[in-house]
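Chains as they are written, first to last, in numbering that gives the first Met the number 0: chain B, 0 to 174; chain C, 0 to 174.
A couple of the hints might just be wrong.
A pair counts as met if it fits within one copy or between any two copies, since identical chains are not told apart.
Stated by the list, open to error - Using 25 Å as the maximum straight-line C-alpha spacing, the simulated BS3-like pairs for lysine-lysine come out as follows:
#1 42 x 166
#2 145 x 80
#3 42 x 144
#4 34 x 166
#5 166 x 123
#6 25 x 123
#7 34 x 80
#8 145 x 25
#9 42 x 80
#10 144 x 80
#11 144 x 25
No lab work stands behind these hints, which were simulated from the structure alone.
2 protein chains.
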Amino acid sequence: MERVIVDMDEVIADPMGEMVQWYTEKYGLAVDYSKMINTGWIKGFPEQHQQECMQRLLSPGFFRNLPVMTGSQQVLEEINKRYELFIVSAAIEFPNSLKDKVEWLNDYFPFITWRQIVLCGDKKLISGDHMIDDHVRNLINFNGKKYLFTSAHNVDVMDYQRIDNWKEVADIFLG
Amino acid sequence: MERVIVDMDEVIADPMGEMVQWYTEKYGLAVDYSKMINTGWIKGFPEQHQQECMQRLLSPGFFRNLPVMTGSQQVLEEINKRYELFIVSAAIEFPNSLKDKVEWLNDYFPFITWRQIVLCGDKKLISGDHMIDDHVRNLINFNGKKYLFTSAHNVDVMDYQRIDNWKEVADIFLG
């Protein structure tokens with residue numbers, strides 16, 4: 000059975016979307032998606048509020064209530080039947096997110112067991128056949144096939160096979 | 000640089016030792032180490048108190064205050080200079096332990112950064128050159144050299160290179 004490694008944030012969970020919604024409701028200011036390119040999505044928020052956004056991201060509970068990426072539940076449930084599936088999230092930098100992430104997965108992806116979850120710092124020691132991730136830094140050392148999941152911060156990256164949404168994941172892995 | 004994967008519980012941290020000390024102080028009853036063999040260290044506690052021990056293990060804070068295995072700090076600090084070191088703990092089953100484990104590492108092994116920490120379910124997707132672990136189930140699928148760190152529950156295992164203490168780790172990796 001081939002092993003598929005799937006990232007969390009910006010791939011199955013939507014922290015950027017949650018932050019944008021909270022931010023525009025609170026401040027009524029626009030987010031500049033072009034400023035996220037090659038930096039990170041926090042940089043798209045007006046400079047005077049980036050620290051507040053970061054503090055919110057670091058707080059207990061932020062990763063507990065994130066929206067689910069459209070289609071990811073149905074597609075991963077099928078992938079889980081045909082592949083050896085692991086969810087791997089670079090989360091150790093944010094200790095308050097760890098329990099939140101496991102509980103969020105239990106809620107929205109109940110078919111994924113604790114055995115299939117990895118929370119790490121660097122993904123360079125993760126081995127498998129396929130990796131879906133929105134960060135080049137996570138894909139770059141991977142020993143298997145690499146798929147860059149499109150996100151506002153990576154739209155300029157050219158040299159990876161790109162996946163834009165979960166319909167495309169289904170086409171590639173279940174098609 | 001060769002990659003060394005080191006386990007936490009029963010290798011650099013001592014949850015069994017902590018539980019035995021707490022238990023004997025509270026109940027004044029003996030722990031039967033022979034019952035741990037091939038099962039797990041919880042089975043060494045008298046049956047009527049195993050559930051209480053397990054609940055204590057699952058509570059927030061238990062993994063925050065564990066004793067450090069003798070010699071592990073000094074030896075790992077040197078290993079960290081000569082190898083690519085990762086600490087990999089099968090902890091996802093215990094969501095309350097996750098933040099505790101990261102904070103405990105920050106306290107007692109401050110030279111280990113968040114990039115070098117992995118909390119997982121199954122270790123089968125972890126790749127490296129050397130793995131030190133007290134569980135055969137973690138070593139069995141590893142692609143590199145395997146070292147079984149001696150613990151009360153594994154004294155009957157014969158077919159692995161065994162390490163009894165951190166002096167021996169130093170002899171092998173720094174000698």
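The hints, checked one at a time:
no.: 1; hint: 42 x 166; in the structure: neither (28 Å within a copy, 48 Å between copies)
no.: 2; hint: 145 x 80; in the structure: within (21 Å within a copy, 31 Å between copies)
no.: 3; hint: 42 x 144; in the structure: neither (30 Å within a copy, 43 Å between copies)
no.: 4; hint: 34 x 166; in the structure: neither (27 Å within a copy, 52 Å between copies)
no.: 5; hint: 166 x 123; in the structure: neither (28 Å within a copy, 29 Å between copies)
no.: 6; hint: 25 x 123; in the structure: neither (38 Å within a copy, 45 Å between copies)
no.: 7; hint: 34 x 80; in the structure: neither (39 Å within a copy, 38 Å between copies)
no.: 8; hint: 145 x 25; in the structure: neither (38 Å within a copy, 54 Å between copies)
no.: 9; hint: 42 x 80; in the structure: neither (38 Å within a copy, 34 Å between copies)
no.: 10; hint: 144 x 80; in the structure: within (20 Å within a copy, 32 Å between copies)
no.: 11; hint: 144 x 25; in the structure: neither (41 Å within a copy, 54 Å between copies)
Checked against the numbered hints above, the structure violates hints 1, 3, 4, 5, 6, 7, 8, 9 and 11; every other hint is satisfied.
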